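What follows is the residue order along each chain.
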Amino acid sequence: MFSPGACHLRAVEGKLLFWACAYLLVGAGALYFLKPAPSTAVVLIGALATMAAFWGLHFFWSWTGFAGDPFLLPLVAFFSSTSLVFLYRLNPAYAVRQFVWLMIGLFTLWVITRFLLRYRVLADYKYVYALAGIIGLLLPIFLGVEQGGAKSWLDLGLFQVQPSEFVKILLVLFLASFLAENRLALAEGTRTLMGIALPAPQEWGPLLVMWGVSLLLLIFQKDLGAALIYFTTFLAMVYASTARVAYVCLGGALFLAGAAGSYALFEHVRLRVEIWLNPWKYVETAGYQVVQSLFALAAGGLTGSGLGAGLPQFVPAVHTDFIFAAITEELGLAGGLGLLIIYMLFVYRGFVIALAARDDFACLLAAGFTALMGLQTFIIIAGVIKLLPLTGVTLPFVSYGGSSLVANFIILGLLLNISHETQVGVVEKRLARWKHWRG
Amino acid sequence: MKNNIRRLSYLILGSFVVLSLYIGYVNVFLGPALATDPHNRRLAAYEAKVHRGTIYDRRGAALAKSEGDRRSYPLGKDAAHVVGFISQRYGRTGLESAYDRYLLAMTDEEKIEVIIDRLLGRPRVGNDVVVTLDARLQQLAMRLMGKRRGAVVALDPRNGEILALASSPSYDPNAIGQPAGRSPDGKVLTVYDLLQRDKGAPLLNRATQGAYPPGSTFKLITAAGALTTNPEVIKRIFNCQGSLIIDGFRLADTAAHGAVDFYRALAVSCNTTFARLGLEMGAERFYQTARAFGLTLNPWAGGLPEVAYRPGTLAPPEKMNKPHLGSSAIGQGEVLVNPLQMALVAAAIANDGVIMRPHLLARVQDPYGGVLLQSVPRPWLTAISPEVAGVIKEAMVDVVREGTGRGAALSGITVAGKTGSAQNPKGDTHAWFVGFAPAEKPRVVVAVIVENGGAGGVVAAPIAREMIRAVLTAGP
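In order, the protein sequence lines correspond to chains A and B.
Offset between the first sequence (1-based) and the numbering used here: plus 30.
Offset between the second sequence (1-based) and the numbering used here: plus 3.
With the rest of the complex left out, here is chain A (with noise of 0.2 Å):
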């Protein structure tokens, strides 16, 4: 397991985590000494912890050698840092929950980087994914909760579950492994009709099919974010193996049909878009959240009005889908930005990890997750300040919900995998050139 170069790598690792640290300390700090007490000292207490275990990771990658990209893991530790210091500035609560969960994504980091670093098995059982996805998707329809219009939840007693977070690991896992099994004959066509390249039925056939499965569940379950989510992805990968625009616009125009029909069928996906393009009209009812969220984007002007001084809890969940305003407000224009552009930092390296990859599995599997999760961030941001009809779902890392945060430890699990099993080829290949140099 052990590689030379992986040393180097987590030296940068290290560093980069030690900024992150400084960062939730400050945070944690600021919100303790708001309201100095023995029962405020949990905050610390919490960063602590997370610290720990975010250090604990890293030596234990140090001492086992592991060569998987060096960003990913301090800038997942911004996101939580901030994701914890917001939620107990907003409910401590909700911040003892988080906290949780973060330490079973850790866990689940861990045991994924330990025992799963042959993730290449996975590309054998695409019809299992396929199968469980439907069935996650089908379990909350009929046994489901409802929360904020969407039923997407399941009730496990002590906790609930959203499968729709998983299901999206299983959609990506699916489109990799059955896109670089197909990619060539869906890329060049094995039968022409009209002169024009088709590929066969079966090639296409369960893409279709999978597609057109999980969007139908989704409009039963109202769950309008995660569609989005599972649509564009499923483009971007089919268009990343591919790369016919024929498939993009295809996929564009049942988008659009998909939209204008939902849109004539459903009444809260009319109530979406007409809250989007005059919000001001139900500034009283439907349209209060996203007002109340521009409220908190202005109210913090450049700067921000400061941890804990603004007034974030008028923006209904703001915890959750809405956490990016509260965000805003607090540490103004300039913080919101910079939370942006770590996310594009954390989007440039998983396409970095893929186009470094070695082979189209690995390559479709890290850029299928990448974009996932850049358009998970886009839909939502884009949402929250109204530049797009607001679908709920959440933040990555950031915003409050467990199953949505273990998911996106697995996706940064898989990454990191990626990333290992190239970097290590890349110093076997050196050293197996430099013995056959010496001679």
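Be a bit skeptical, because a hint or two may be false.
Stated by the list, open to error - Taking lysine-lysine and the BS3-like style, the derived pairs with C-alpha atoms no more than 27 Å apart in a straight line are:
(1) B:5 x A:459
(2) B:52 x A:65
(3) B:238 x B:5
(4) B:322 x B:429
(5) B:429 x B:325
(6) B:80 x B:5
No lab work stands behind these hints: they were computed from the structure.
Everything numeric in this text was worked out from a predicted model, so none of it was measured.
Knowing the structure of chain A, use the given hints to seat chain B on it.
Structure of chain B alone, referenced to chain A:
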């Protein structure tokens, strides 16, 4: 495949750039409007914590101040429209609304102080605003108006400082929330509810939002257009026979003035002469002249917010036939103006053709008296040339010395002015007077309107006279 992924990454990272730009747009460009939106509960929450600043007049008299958690208005009904009020229930109006962010110390530059105050646990104190109004003039104007409806505006033509902005009837802003009666179905009505139902429109700020026919005061604009078109006008002799037939439409005059020159025509306010001048210059030039005086413009558009303003209205030249043009030239027809607008017309003549941007904000100062913002006089429009202004000024001096405006004359001070008695559908003519003094070096412009008051020279001119006397004898 790697190329596609590279392109995909550009697309996704590019969409983040779009996000950033849009967030910047919301934060920076929509920010001020969002911060003061009535639906934004932050304002109320913030206000509850901030000691709202005081509004002072130019001599240091308080116009609005906070006492405990109550806001009081020492001038009461005498400055109700311009100072405005704040109320949880009825919103905010006038300067209380326009200067909210100063009074609450909510501008971006004050962020650091907010943080320091918070850290030190100090109560937050808003800034004070000093306005150009003079409380004594404001009270005088309201006393002169008495129970009559109308408005009085006084301003300094040299720098655009508004000294008085009075509107009658008025109300007591200290009492708007108090119960005052019951509706037919038994609900308790507050003072504000009754004011809203009052047919006399006491809530309307007539000085800036009124829409009145200007009557003969508008001849100043016709004169300016005629003199600009042809300076030889002053050498002509007009023959007034008491009426003028324009395309079959009979435009009546108050009397047959006989042979008059330009100065005499203005002094006696001869309708036929000015209708003729209007017809000679044509609709296009007439319209352009009115626009040059800012008739259809808002002097506060896009700048610092002041009080609500209703720009004047005038039919565009292509819709103006000859009878219409002839009546518009003497301020009848479909011309509508507000009193501040007419004061600005007189200000242009007083200030060699240049209208200084009217303003109410003098400065913003912190609670310790340090000046945070000082307003600087800026020209708004150049209406006419200094030569044309000089000729009209001379004619306006004649108006007060020997013409219709004798009611505004003061001993020892040369007053220039123009009267108007504007016909309107609601009864007696509106009495108008606009003027300035001293004519040699004007320091104050006054515009007065008394709704359905009768003749301008009899009703409005004396009010203007007392305003001018008060300004010029009180010192700077």
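Status of the hints after comparison with the structure:
no.: 1; hint: B:5 x A:459; in the structure: holds, 21 Å
no.: 2; hint: B:52 x A:65; in the structure: holds, 18 Å
no.: 3; hint: B:238 x B:5; in the structure: violated, 87 Å
no.: 4; hint: B:322 x B:429; in the structure: holds, 25 Å
no.: 5; hint: B:429 x B:325; in the structure: holds, 25 Å
no.: 6; hint: B:80 x B:5; in the structure: violated, 75 Å
Figure legend: structure checked against the earlier numbered hints; hints not met, in rising order: 3, 6.
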